[in-house]
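A.B. asks: Sequence:
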Amino acid sequence: MSDQKIRILVVDDHPVLRDGVAAILQNQADMEMVGEARNGGEAVERFRALRPDVTLMDLQMPGMNGVDAIAAIRTEYPGARIIVLTTYAGDVQAVRALKAGALGYLLKNSLRTELIEAIRDVHRGKRRVQRDVADEIALHVVDEALTEREIAILRLVAIGKANKQVGAELGLSEETIKGHLKNIFSKLDVSDRTHAVTVAARRGIIEL
62 MSDQKIRILV
72 VDDHPVLRDG
82 VAAILQNQAD
92 MEMVGEARNG
102 GEAVERFRAL
112 RPDVTLMDLQ
122 MPGMNGVDAI
132 AAIRTEYPGA
142 RIIVLTTYAG
152 DVQAVRALKA
162 GALGYLLKNS
172 LRTELIEAIR
182 DVHRGKRRVQ
192 RDVADEIALH
202 VVDEALTERE
212 IAILRLVAIG
222 KANKQVGAEL
232 GLSEETIKGH
242 LKNIFSKLDV
252 SDRTHAVTVA
262 ARRGIIEL
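Take any residue in the sequence shown, note its place counting from 1, add 61, and you have its number in my numbering.
Note that these hints are calculated values from the structure, not bench results. Predicted, not measured: the structure shown is a model, and the values here were computed from it. For each residue, glycine too, the CB sits at the ideal point set by N, CA and C. Be aware that a few hints might be false.
Stated by the list, open to error - What follows is a set of in silico ranges between Cβ atoms, one per label pair, in the way DEER data are often shown:
#1 137 with 88: 44 to 54 Å
#2 112 with 192: 28 to 38 Å
#3 240 with 200: 20 to 30 Å
#4 243 with 188: 33 to 43 Å
To be verified - Derived BS3-like pairs: lysine-lysine, alpha-carbon spacing no greater than 27 Å straight-line:
#5 222 with 243
#6 248 with 222
#7 187 with 225
#8 248 with 160
#9 66 with 169
Start from the sequences and build out the full structure, keeping to the hints where you can.
C.D. replies: This is the structure:
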């Protein structure tokens with residue numbers, strides 16, 4: 062019977078989370094945890110060695126992050142079935158992970174209620190995106206995306222740099238930076254720098 066089980070690889074830099082997932086899977090007759098990894102680089106190596114049926118992948122990890130690991134695994138193994146397991150409900154980050162090749166996207170607070178069914182769905186080749194995240198994606202689907210330059214400006218604003226310093230760092234005039242910030246505020250539907258940084262971080266556009 063054991064060869065009929067869904068073989069699962071768990072990737073997360075927190076041992077407590079990996080242990081928690083292991084405990085949930087232990088009670089399932091049709092699943093077994095075959096390996097674990099602490100970061101994206103390890104995830105790629107463990108995937109090669111184990112060829113799991115389903116991989117549970119965190120996004121924020123030291124070294125190679127989850128999105129890069131998903132892309133690397135899917136490039137090598139296009140049939141890989143990967144579910145993101147994260148604390149971040151941000152639509153931009155979720156879309157990034159799904160575009161990289163994830164089939165599922167779950168928040169860690171739903172482990173006990175959704176994980177098992179999500180694993181079964183993704184193992185069958187279905188997509189499974191948690192409702193809160195799907196709603197967030199739908200809410201922003203028609204929004205105009207920030208450009209790479211606007212994101213670079215926002216990252217510098219987030220670490221407390223003034224317009225003049227941002228301009229000096231990017232080789233742009235202070236006036237140009239002000240113009241970009243005006244566009245950023247409009248796209249994010251905010252009226253000031255602090256709110257822009259908060260919204261961008263919540264949606265996964267930048268990391269704080």
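A.B. asks: Would you mind marking each hint as holding or not holding in the structure?
C.D. replies: Hints, one by one, checked against the model:
1. For residue 137 and residue 88, the Cβ-Cβ distance of about 32 Å falls outside the hinted range of 44 to 54 Å, so the restraint is violated.
2. For residue 112 and residue 192, the Cβ-Cβ distance of about 31 Å falls inside the hinted range of 28 to 38 Å, so the restraint holds.
3. Between residue 240 and residue 200 the Cβ separation comes to about 27 Å, which falls inside the hinted range of 20 to 30 Å.
4. For the pair residue 243 and residue 188, the supplied restraint of 33 to 43 Å holds, since their beta-carbon distance comes to about 37 Å.
5. Restraint check for residue 222 and residue 243: satisfied, since their Cα atoms lie roughly 16 Å apart, inside the 27 Å limit.
6. At roughly 21 Å between alpha-carbon atoms, residue 248 and residue 222 fall within 27 Å of each other, so this suggested pair holds.
7. Note on residue 187 and residue 225: the hinted pairing is violated, with a Cα-Cα distance of about 49 Å set against a maximum of 27 Å.
8. With a C-alpha separation of about 22 Å, the suggested pair residue 248 and residue 160 falls inside the 27 Å cut-off, and the hint holds.
9. Distance check on the hinted pair: residue 66 and residue 169 sit about 23 Å apart at the alpha-carbon level, within 27 Å; holds.
Consistency with the previously given hints fails for numbers 1 and 7, ordered from lowest to highest.
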